[in-house]
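Model the full structure from these sequences, guided by the hints.
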Amino acid sequence: MTQERKTFVAWLQAAPMMLVFALFFLLPLLFVTIVSAWDYNEYEMIPAFSLRGYSDTFEGCIADLPNLCTILKTYLKTLKLCLLTWVLTLLIGFTVAYFLAFHVRSKTWQIVLTLLCTIPFWTSNVIRMIAWIPLLGRNGLVNRGLEGAGLIHQPLEWLLFSEFSVVLALVHLFTFFMVVPIFNSMIRIDRRLIEAAYDAGATGWQTLVNIIIPLAKPGIVIGSIFVITIVMGDFVTIGVMGGQQIASAGKIIEARLNALQFPAAAANAVILLGITILIISALTRVVDIRKEL
Amino acid sequence: MTTTAAALELVQLTKMYGGITAVDAINLKIPAGSYCCLLGPSGCGKTSTLRMVAGHEAVSSGDILVGPKNVTNLPPADRSTAMMFQSYALFPHLSVIDNVGFALKMKGVAKSARHAEASKLLELVDMQPYAARLPGQLSGGQQQRVALARALITSPQILLLDEPLSALDPFLRLRMRAELKKLQRELGLTFIHVTHGQDEAMALADIVVLMNGGRIEQQGSPRDIFNHPRTEFTAKFIGGHNVIALNHETFAVRVDRLMLKRPTETVAGPSVTGTISEVEYQGTYVRVVIAVDDGPEISAQVTETQFDAANYTVGERVRATWDPTQASLLKTASSATIRSPERAA
Amino acid sequence: MTTTAAALELVQLTKMYGGITAVDAINLKIPAGSYCCLLGPSGCGKTSTLRMVAGHEAVSSGDILVGPKNVTNLPPADRSTAMMFQSYALFPHLSVIDNVGFALKMKGVAKSARHAEASKLLELVDMQPYAARLPGQLSGGQQQRVALARALITSPQILLLDEPLSALDPFLRLRMRAELKKLQRELGLTFIHVTHGQDEAMALADIVVLMNGGRIEQQGSPRDIFNHPRTEFTAKFIGGHNVIALNHETFAVRVDRLMLKRPTETVAGPSVTGTISEVEYQGTYVRVVIAVDDGPEISAQVTETQFDAANYTVGERVRATWDPTQASLLKTASSATIRSPERAA
Amino acid sequence: RSADAKVLRYLGTAVNEGDEISKKCLADTGIKIEYITATTDDVTKRVITQPNSFDVLDTEYFSLKKLVPSGNIFALDAKKIKEFDNITPVFTKGQLPNGKKIGDQGTAPWKVLYLEGANSKTFSKTPTEFVTLIPTVYNADTLGIRPDLIKRPISSWTELLNPEFKGKASILNIPSIGIMDAAMVVEASGQHTYADKGNMTKAEIDLTMKIMTEAKKAGQFRAFWKDFNESVNLMASGETVIQSMWSPAVTKVRSMGIACTFQPLKEGYRSWASGFCVSKAVSGPKLDWAYEFVNWYLSGWAGAYLNRQGYYSAVLSTAKANMTADEWGYWMEGKAAVGDIKAPDGTILEKAGATRDGGSYDERMGAVACWNAVMDENDYMVRKWNEFIAA
Amino acid sequence: MGEKRPRSFYLLAAFFTAYVLFLYGPMFAIYILSFQGPDGGLTFPMNGVSLVWFGKVFSGSGIVDIGAAFKRSLQLGLVVMVCTVVLSVSAGMAFRRSFRGATFLFYVAIASLIMPSIITSLGIALEFRLLDDFIIKSGVGDWTTAMGLFTSGLGAHLTWTLPFGLLIMFAIFNRFDNRLEEAARDLGATPWQTFRHVVLPIILPSVVGIGLFGFTLSWDELARSSQTIGSVNTLPLDLQGLTTTVTKPDIYALGTLTSAVSFLVIFLALVVILVLQARQRRHGSDAGKGMV
Ligand SMILES: Nc1ncnc2c1ncn2[C@@H]1O[C@H](COP(=O)(O)OP(=O)(O)OP(=O)(O)O)[C@@H](O)[C@H]1O
Ligand SMILES: Nc1ncnc2c1ncn2[C@@H]1O[C@H](COP(=O)(O)OP(=O)(O)OP(=O)(O)O)[C@@H](O)[C@H]1O
Ligand SMILES: [Mg+2]
Ligand SMILES: [Mg+2]
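For the record, the sequence lines run as chains A, B, C, D and E. According to this note's numbering, the stretch in the first sequence is residues 14 to 306, in order. According to this note's numbering, the stretch in the second sequence is residues -7 to 337, in order. According to this note's numbering, the stretch in the third sequence is residues -7 to 337, in order. According to this note's numbering, the stretch in the fourth sequence is residues 853 to 1243, in order. According to this note's numbering, the stretch in the fifth sequence is residues 144 to 435, in order.
Don't read these hints as lab results, they were simulated from the structure. Where is the CB? At the ideal position from N, CA and C, for every residue including glycine. Keep in mind that a hint or two might mislead.
[To be verified] Example chain E residues on the side facing chain C (calculated, C-beta under 7 Å, incomplete):
(1) 208
(2) 211
(3) 322
(4) 323
(5) 324
(6) 328
(7) 330
(8) 331
(9) 332
(10) 336
(11) 343
Right, here's the structure in full:
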């Protein structure tokens, strides 16, 4: 096949997805971007150019120095949660994927165990979220258990409605998003490479660092993209598990939106989009996942 | 390189894949510091044996001893062996030099030192100019040379090589062959080298182990095997022999010991008659294949001068004769064919 | 099988990988129905050339003609070629028989018919008992035989084979070699067969194309090349020759034409003197390597009888002499070494 | 859709949607109500973004300030509402049936009840025939407490920020409502008196948020809640002992056997009200069904049903006709129950002899201090709220 | 190695078990609480033990018809699943070659992932409003809306599942052996045949994985649906809508039922697979295939 024809076929193959994105993402994004540059008052949006949505967002960022303004504080907090969640999901997800890919040797069992991990997600998150309170609350199962075991005398307050519970819930929700791509990268690794590494005297740990991690990198990057992007925009989990007391980039947008301040919400969304894209392109600079295809 | 060689002993070593016996209770003792070639047809269990020794394949039953130590259940790294893989198994994400230097990196050798050492080995396999490339950018033979260099860099007591030379061109093969032998002698290591090139085995080995259908067919020094094949299989596999059945006995006669005569000429020793079915020009000699009447084909190796003088043509009838003292009497015909593992099982 | 052969013509065919020229503007005409062997050292561009012909690698510049048709930009399926891959490329999810029958399945041949046809080819490569296995359960050589069968099942005008025999044991190699030649003759197809075994090329080819560093070094019939190497490279690669520089001229002398004398004996023709550095037992003959004083090593092939009579030992001084009419004068020494692609670029 | 099936798509929160109501409506009028259930925030957003996806809307008065300018809802014709004139004067005049004026801080319903014209986007100060929302339910909210855990009388909004309840207090995380609760506290503690708690100046917003932020930083709040269950769970599990709450949530906690009081406070209640309107996309026969439905709703059965849940209904007279005297006495007049008080589904809510928290309708509605609101400085307030959350 | 498991296996298996327990942690609370007595609430303690809440799920009474919402979500989830698989695999194939706009599409997919779901939802709603207005203006009588489960709803869900699908495809095609496709093409397979008979079977398990992933994402989707679903809600939306009022353990019963049915289906599938494998082992000699 000639190069042009190949390219054309590739183009055709990508077209349906492109079309969906064009219709349901790019066009709406365009509207949102336009709206983000509209003016608005307390009650409605005004179709006139204004950067108020943006400037209001950064209100006090210079005036408050050296203190951080709301948006910076919020982003720092979001990034902190994001980083914690990322590290934990990566560690747990990698280990789980490793187990599935290298220790569970039959395809059937790999599928069964994967499904086992999927089933909880088929019960709606709305329901699962409610179930954390009887578990982690002041009089929840965990505290009662610990008290019963004589480990604590006062219930642990930080189990619920804290950064701990937020990160716990995020890890709970998104570790599987790490497992899937890392697992898929790992099963492509030729077993003989691992044998060769052992043979060269590499310890299990060295094999992991020198062979498996580099070869699973695309999966790691993809999983990281999943987790980072979702956590950056999350407001539901952070809201519920943080007792609505923890700020996040997503929550700012949600609050604006619920107050029907669309231009301000849109402006915040555009900012969030920009920042997250920056993080992701930094990540893909480290590993060009498209080169590894 | 300060390691010493170790002897290898296999005791009733068996490998089954599901119901198929790939290696069938073999016993083998290889003295420390010797060069052993595992020779045999495709699928006879050479790779399986080697992989069990290396520790990459679980043993179904039997034992493996490296020196006095039973290593049957040890991990690869604790066996004092190193292996070069048949399919190269190069690390796709590492450059050629990093592939070669990998084992040193694992030992914690500093970068400059391990690059220096790796460069030396790349030089040896003539791959110095490709040091910075990734395996995916190499030709088949080039990949194999890198794999060889990578295996050579560890200094194990036993080096296991799975067809290390098969994808090399003749230049390199000869050169690597000599280098391998030299290395083995210098280091005094035990080498186990899988090949199906009988010439390679002849040139390199102190001990040739000829396998067939998961069992050992014959073992001994190259010269011993070549001059005294005990079975039809050995005679055929080792090459350069014709197996001729005459008077209810079977003999192995070397192709270069076979003399061709016109049917009209008189012959002294034993002889068979047939029709020339093929004439193959082989450079220094000509191979003449003769379809023996009521028998299998045999071939004779005739020097070019002789051939040009006689000028045999395909379809001509000839008589092949030999000196009876030069023929080996073969054992029972039961082992005359290549046993497929299934049948062996 | 009703296809006919087609001629193949390469015009200024070039392949660059990034800045590296792997194939350097080669011109080649192969008549329809001939058996052509691409011969050359590892990395000289054989696989790249073959892959361009098959249509798996984009041509950097130049043209490929199959018969009268310029196929340079056609997809593989429209080129009337079929290829057997160097690294087998067996479909891991299909059984052996389904791998072989794949092409027929694509054509919509019914299952029973294609299994019958595939079985025939498996028989040919001696893999019938393995029909139901998956490729991962085969040994290296077994995989290669399946790949060969798979390539043979299509009935193309030109069959491209990348080292089809390299992983086979000698038994099979000889058998497959004969089968390949027979097949080619029967079908009247054009075969392009990549190898670096000069013996294989000699035995099979109508035309041998010797490549070096992306260029064609010499081409012609096997006998022509063997008897009249034009360059030092050819002489060395084709094997069986010593390249000896004498009086500012370079000659190629066949190893079996070299006669060894004790330094005390008188010699008539040209001669060089040196020390025996190696004696290799080779079955039907003995290879004696001589380190020529102030020159490279040369080797002589001595029959076992002769050798046993003279009983040369390593370290002994000998004189090697030859009949001047049996030596070929070589062209400029510029091509005396293997060109690495880098240097060729 | 077949033409004879009378179907109305009813968008609202689950609070006001009752299975029994739709069944009864179908039986009485032949109109099939298809509930579209969403959270309060989503209901509002859907009105703006998908006006075509519903027919009848059930929403709160205070959101009208945002919905009316969108032009997506339809002003109803008062003349077509049979019981319009019987709607409690709380809505139409801002006074109790006995004539007593009630608090008008915030977005009191009577301020946004009328439009100037059918397609107008401005509210009329005087009655017109163009009605924005036909009232359905309303109530007066206060703090819920756990008397068993507090063990002392609570009588003021200031208790919400009392350090005694550090880590055990909660408010509603809807900025416009949360800040009103905060304002009740500020005013009760004498730190500031607002001209209109429902329409603060920037300075007032700053002050209120500052007090709240200090409390938050001091760890006063266990959590903020956003939906019904969160508030129930917080209370029932003892995570909080004092928090802003909804009446049915208190009932729910109590029904779980846990002591919980909807505590009347001396500073009064924060009130809310919701009602019906119609999407502007509705026309023709569908509009007629919509009127038919609204008229049915006001005709008594539904009112009684709502009253039995602890809410108040719009047309008291028709509701009363559909309730027993004992029920009416318990729910509306603050009398002790003579027999057991049952919920609409028949389960026993209160034993005989119980009285309702906060007393009679007149007592409660008469003590309304302010109404849920959208401020003029809403934008500023939301920004400050975000700041508060980030603090 | 091989038949005897190394110690690391047991360590990792323990870790995996711990992870699964962690995953199921809140689920256990749900399973237990779904057996609450008729007066029980959403939290401990249990107020008696009964099956009434399971009955409630089936009776379909209540403000929202959970059964109908369940069915809608299931339908939507399946359609999303199919679309996700088809479009992702197709685009994944495209990405193995370079084509104009590849980088653009890649970043669009990422952006679609990042964009806060509510904003995307809002944008789509806005778009459909314009479309509706346009249709009404162009004089289609009795037009209500183009929005719906399988128009705007489907689109919104796809903007969520497709980026996942595409990126997982990257992991799947990571170092996929091109020679297999070359070999197939060489044997006369058309590009479609190459895909159908070589590429697809090899990547099939992972593709099934993408399908599951897509379904799960769609099944649990909330924010993107909220403004785009039209007049009928998906299950999560209905459940969320219910949270504004007294929520009863019947939603827990729903969770328990979902899990129970899933376990049953998977268990049956496992039995079927194992039986098939055993049969195959008896018939063909694909020995040694089992625990590789
Ligand atoms: N993808 C690639 N990128 C860069 N260089 C390449 C690539 N593939 C091959 N080459 C280089 O091109 C040259 C020719 O390679 P080719 O595979 O044609 O050799 P060959 O003659 O088939 O060798 P062998 O006998 O070892 O298989 C080699 O030097 C090789 O390193
Ligand atoms: N994973 C496996 N499952 C089943 N059978 C296998 C497996 N691996 C190898 N075999 C079978 O075991 C036998 C021995 O294989 P092995 O790889 O040891 O052969 P070999 O002597 O190295 O051959 P070659 O020279 O072709 O590489 C072969 O018949 C092969 O088909
Ligand atoms: Mg092998
Ligand atoms: Mg090659």
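Check your understanding: Which numbered conditions among the earlier hints are violated in the structure presented, ordered from lowest to highest?
Key -> Numbers 1, 2, 5 and 11, in rising order.
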